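Listed in order, the protein sequences are those of chains A and B.
According to our numbering, the first sequence is numbered sequentially starting from 1.
According to our numbering, the second sequence is numbered sequentially starting from 1.
One or more hints might be untrue.
Facing chain A, according to a computed beta carbon distance under 10 Å, are these residues of chain B, among others [unchecked claim]:
id: 1; residue: Ile34
id: 2; residue: Ala95
id: 3; residue: Thr97
Hint data in this document are derived by calculation from the structure and do not stem from the laboratory.
Nothing here was measured: the structure is a model prediction, and the numbers come from that model.
Where a beta carbon is used, it is the ideal one built from N, C-alpha and C, also for glycine.
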Amino acid sequence: GAGVSQSPSNKVTEKGKDVELRCDPISGHTALYWYRQSLGQGLEFLIYFQGNSAPDKSGLPSDRFSAERTGGSVSTLTIQRTQQEDSAVYLCASSPPTGTETQYFGPGTRLLVL
Amino acid sequence: GESVGLHLPTLSVQEGDNSIINCAYSNSASDYFIWYKQESGKGPQFIIDIRSNMDKRQGQRVTVLLNKTVKHLSLQIAATQPGDSAVYFCAEGQAGTALIFGKGTTLSVSS
């Protein structure tokens with residue numbers, strides 16, 4: 001079946017502009033995660049959605065970052081007033097209902113802030 | 001804070017050799033561990049996982065070993081192939097929480 005998809009695959013923006021990144025999780029997966037990966041680094045947790053519960057936003061680096069998940073499916077990560085240090089690959093993952101912690105990742109969105 | 005780390009940032013092997021990638025973790029409460037493979041330009045791909053009530057699990061050409069006494073995790077790849085060249089991440093977690101990832105080990109396989 002279809003895996004996690006993300007769009008756009010690449011995004012170049014100017015400093016100060018807002019960007020929106022989209023994630024379509026695997027159908028039926030109730031949990032959705034956003035991570036950030038800087039060049040040559042590991043994955044940094046940003047935010048986690050589980051069903052209808054309030055999201056875990058503990059990883060968001062600043063109030064310029066926000067995310068929402070509509071209808072328990074598609075999620076959008078928004079970065080306002082982008083800065084050069086926001087340049088990274090933004091990865092989305094989803095996992096099935098309770099019983100497994102395995103997270104399945106999308107291909108990521110490569111964001112470059114000039 | 002809690003973190004997961006890897007012993008070596010790079011590992012170079014010859015095709016056909018067995019590879020061992022190591023990882024140390026620090027959170028005693030973690031009960032689930034995963035190895036991911038990430039190829040250039042792609043998202044991490046699940047390889048194998050293990051729960052804290054196990055010390056060994058085998059998959060196709062891969063084996064994960066967990067030593068809870070010293071908080072050590074390893075990934076063994078048998079008969080390494082050029083297609084195994086990638087960055088390998090270990091991650092730890094608990095049910096309903098985000099995974100904590102290490103920085104990764106780059107595996108290079110030469111023919």
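Q | Contradicted hints - numbers only | A | none
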